[in-house]
Amino acid sequence: MAGITMKSIDKRYDNNALAVDNFNLDIKDKEFIVFVGPSGCGKSTTLRMIAGLEEITDGELYIGEKIVNNVSPKDRDIAMVFQNYALYPHMNVYDNMAFGLKLRKFKKEEIKKRVNDAARILGLEQFLDRKPKALSGGQRQRVALGRAIVRDPQVFLMDEPLSNLDAKLRVQMRAEISKLHQRLQTTTIYVTHDQTEAMTMATRIVVMKDGIIQQVGTPKEVYDLPENVFVGGFIGSPAMNFLQAKLGDNYVNVADIKLHVPEGKMKMLRDQGYVGEEIILGIRPEDIHDEPVFIDASEGSTFTATIDVAELMGAETFLYSMISGQEFIARVDSRNDVQNGQNLTLAFDMNKAHFFDVETEKRIR
Amino acid sequence: MLDKIKAMYGKAFIEGFQAASVPEQYEWFRTEDHIIFGILKSKLTNKEARLLSIAFIPMEAENLKKTKAERIWSSLLLEGKILDRDKGDTIFSNFFYMIHFFLKEAPDDKADFEEAINGLLSVSFTIVWENHIQGVIVVHHHERARHEEMADIIATDFYIDISIMVSQVTSLQNGHAYYVEQKKLFFAARRLYPGRHVFYHENLLPLSLIQTLPSEKRNVLFGQNNQMDHIDPELIHSVSVFFEHNLNLTTASKALFIHRNSLQYRIDRFYEATRLDPKHFHDAVIISLLILDQKYEQFVQLSQK
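One line per chain: the protein sequences are P and Z, in this order.
Using my numbering, read the first sequence as starting at 2 and increasing by one per residue.
Using my numbering, read the second sequence as starting at 61 and increasing by one per residue.
Do not take every clue at face value.
Claimed, not checked - Below 27 Å or equal to it, Euclidean Cα-Cα: the simulated DSS-like pairs (lysine-lysine) are:
(1) P:Lys-106 - Z:Lys-126
(2) P:Lys-114 - P:Lys-75
(3) P:Lys-103 - Z:Lys-170
To be clear, the hints were calculated from the coordinates, so they are not data collected in a lab.
Keep in mind that this is a model prediction, so the values were computed, not measured.
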C-alpha cells in the first residue's frame, strides 16, 4: 500500500490547452479520495496522469517515496477501473480476470488463486464460466472490479465506474465499493461528477473546476464550510441558494427584506470591512424553515413568500419560491402540507448562513 | 541454382521461414518460384549478401512472420500494391471496416495485443502494424463492437494509452490513398481533441473537409480572419458545450455549471456579436464549422512551430 503526493502538477496539451493547473495534493495510505467536479474540470486527466496514461507537463508525482514521473505505467503498481466495464465480450469471467495477470507472466497456479480469491470477495464464484453478456450490469461491474483486485496493486484508480449503471444499481454498487475499500484497505482515487457519490464514499473530497483544485476536505468540511460559491453550489442537492445582498450593521438586506445576522458572524464581517458592501448570502435549502416553533424563535430572520411549486419528495418537500425577485429552494418536512400558490412564512437559520465576497466569490471567514 | 547454394552453405542454409528457431539470425531471400530460404548471417560476407540480393528478392524477417492476410493487407494499405496472385483472394471480399490505432508506447509483445483484440472482436480480423505503436485492424465482418470499451480495456491490461479511429473504406482500388488520408485525419483529430480516445470517421467529416481544403480556399470560405477569433473564448466554449448537448439549454448549463439564464445570456451575446444564432440549426452548423476552422488553424500553426 502507498500514499500519493502530487506537487505543482500541470497538464498542458499539444494544442496549448491547460487541463490541470498547479495541482497539489497529499493522499495518505489507505485513503479513499474522490475527485469531483463538472465535465471538463480536469479530474479524469489528473487520474490518467497518476496512471501514467497522460504525461505530466510540469511538477512531481510520488507513489510512496518514489518519484514516478518517468516510470512506465505498468511499473507503477496501480490498477484501473473505467466507466465502460472494459471486459472482453468473448472471454468468460475467469479469463477476463486472469488476462492481465497472464500478460504479466504470472504462474498458472498463482493466477488461479488470485482469480478465485477475487471471485469469492465479489460473490462471482458461480459466474466464472459465463461470458459478460450473460451477466447483469452490476455483475459486470463486479467483474471489472475483480480484474483490478487480482493485481493486488498499491493504488486503485477508478474513473466514473458507476456511470453506466441505473440509479438503483448505482446506490447498491456505491456501498459495495465502500465495503471493498474497508476490506482491502487499498489507497483509492475515485473520479466522479456525481456529488452524492463523492459525499457518501470519500474519506476526503477534492473539488475541481477548470483544472484547479477548489477545495480539499472531508465530506462534512466541504459541505459545511465551502471555500467558495462554486463549492457551495456544487456540493449538495438541491444546491445552496445564493442571494445578492447588502450588509448593514447586525443585518443583511436581500432587497427590501432585512435578515438579522448573529453577532459571531457579524463581528467577522465587520472586522473585514464588509458593512455597507454588497455580498452574496449563501443558505442551504434545509436551513430554510417553515415550522412554527422555529419561526417563533427566529425573530428578525423571517419573511413571507409565495410558493411557486411544492414538490413532494416523500419525507420532505422542496419549495420553489422567490425572495425579492431572487429564486430559492427550501427543503422542509412533508408533514406540513404546503400547496402551490400558498403564502408561507419562512425563516432562514442565519447561524448556518454563509457570506461570500462578490468579487472573489470566496467565503468570508 | 538453389541446390548449389545449399551445398555451398551446408547447415547454414535453411529452407522455409518456419524452419528457423531464431529467424533474425538469418538473411532471407525469395526465389521467383516463391521459395523462401535463409542463410546464417554469421556465415555470409557482405559481398555474398549483395550478390544474393541481386539474384533473389531479399526479405525482412519481420515481414516473413506475417500471415498471408497480413502480407496482403500490408502491401495494399502501406504500399498501394495488390499482387496479381492475391487479386481474387477471398480476404478482400470479406472486408468490412478498419480500426486505426495509435499506442503511446509499444506493447511488450504484439501477440498479446492480438490476443486482446481477439477477445474483443467475435469476427476474424487482420492487424497491419505500420510500426511498433501504430497500425490498423482490418475487420472482416460486420459486428457491433463497443469501441470505447476497446480503448479502456487496452489501457487497463496493457497500461498503454490508445486512440482509435473507426472507418469504412468503400473502394479497395484506392485502399492506399484512403489509408493515407485517414491516417492524416486521425492524427489531426488526436491533436484537436486531446481528451478523446475513440473517433468515428463519419463524425470527423467536417474536420476531413477542412483538412482537405487548400489554405487559400479556407481563407475564401471562412475569411482571412475567422470571425471566431474576435469572440470571447468563454462564449465560444459555452456555445460548443450547448452544441454537444444537442442545443439543450438545461443540460448544457448543468455541464457548464452555470445557471440556465446565464447560458441564455451568453448565447444572446454570441448572436449579437456574430448575427449567427446558435439555437437555429442552420446557423449552428455554420458556427460549428467556424469554430472547427479556428481550432484547425491553431493546430496548423502549432504544427509549423
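Structure-based check of all given hints:
1. P:Lys-106 - Z:Lys-126: holds, 24 Å
2. P:Lys-114 - P:Lys-75: holds, 22 Å
3. P:Lys-103 - Z:Lys-170: OK: P:Lys-103 and Z:Lys-170 at ~14 Å, within 27 Å.
Hint compliance for this structure: no hint is broken.
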